[in-house]
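*Asks:* As numbered in the numbering used here, residues 1 to 42 make up the sequence shown, in order.
Rather than coming from a laboratory, the hints here were simulated on the basis of the structure. Careful: at least some of the hints might be erroneous.
Taking CB as the label site, the calculated pair distances span [what the hints assert, rightly or not]:
#1 N2 x S35: 47 to 53 Å
#2 P27 x E3: 38 to 44 Å
#3 P27 x N2: 36 to 42 Å
#4 N2 x R37: 51 to 57 Å
#5 R37 x L8: 41 to 47 Å
#6 T4 x R36: 44 to 50 Å
Predicted, not measured: the structure shown is a model, and the values here were computed from it. Note that the Cβ used here is the ideal one computed from N, Cα and C, for glycine as well.
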Amino acid sequence: MNETWPSLLAALAVLSIAITTGWFIGPLIDKIRRSRRPRARS
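The task is simple: from the sequences and hints, build the whole structure.
*Replies:* Now the structure itself:
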């Protein structure tokens, strides 16, 4: 069991990091796209 715990914790950490980065990068990319392309039609 001691051998499976570290890998399981690592996978969980990577998953949580991926989710948090997605939450931050998502709106960030949206802001960059909106700032780069001004709204032609409202």
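*Asks:* Against the earlier hints, flag every one the structure doesn't satisfy and list their numbers going up.
*Replies:* Violated hints: none; all satisfied.
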